[in-house]
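Residue 17 is where the sequence shown starts when you use my numbering, and the numbers rise one by one after that.
Among the hints, a few may not be true.
Restraint ranges, calculated between C-beta atoms of paired labels, are given here [claimed, not checked]:
1) Val43 with Leu92: 16 to 22 angstroms
2) Lys77 with His49: 40 to 46 angstroms
3) Val67 with Val107: 17 to 23 angstroms
4) Ala82 with Leu60: 18 to 24 angstroms
5) His46 with Val96: 22 to 28 angstroms
6) Gly73 with Gly113: 46 to 52 angstroms
7) Leu75 with Leu50: 39 to 45 angstroms
Keep in mind that the hints were calculated from the coordinates and are not lab data.
Source: prediction; values computed, not measured.
Every residue gets a Cβ at the ideal spot worked out from N, C-alpha and C, and that includes glycine.
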Amino acid sequence: MGNSATQLSASAMVTGHVSILPPGLSVREHVLHLALPAVGEQMLNLMVGLVGTFLVGHLGKTPLAAVGLGDQWVLLVSTVLAAISVGSTVVVARAIGG
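Construct all of the structure, not just a fragment, from the sequences and the given hints.
Right, dumping it as structure tokens:
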């Protein structure tokens, strides 16, 4: 009759709950699919720190300490940006979904 995306199921009409998730996957699977890029990003950030450590490790204690200190700043900035991302996601989700 109409577009399947705009049709409501009988249970959605009775309960008033409409899912915005595409059919076929559970909520857990959707969350995992959304989380995988973030996990990959964190793994790549870790690898950047490890590569820097490996490259500078043979130069001595002072350069190695400098790389370690720089990695701590990168981690701090990354954590703050992740917190802002999570917070803005919550605000947008509440504004859209109530």
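Hint by hint, here is what the structure shows:
At about 32 angstroms, the CB distance of Val43 to Leu92 disagrees with the hint of 16 to 22 angstroms. Separation of Lys77 from His49 is about 44 angstroms and conforms to the stated range, judged on CB atoms against 40 to 46 angstroms. Taken as a hint, the range 17 to 23 angstroms is violated for the pair Val67 and Val107, whose Cβ atoms sit roughly 36 angstroms apart. Ala82 and Leu60 have their C-beta atoms about 21 angstroms apart, which keeps the hinted 18 to 24 angstroms range intact.
Against the hinted window of 22 to 28 angstroms, the Cβ-Cβ separation of His46 and Val96 comes to about 27 angstroms, which satisfies the hint. At roughly 49 angstroms, the beta carbons of Gly73 and Gly113 sit within the given window of 46 to 52 angstroms. A hinted range of 39 to 45 angstroms holds for the C-beta pair Leu75 and Leu50, which are about 41 angstroms apart.
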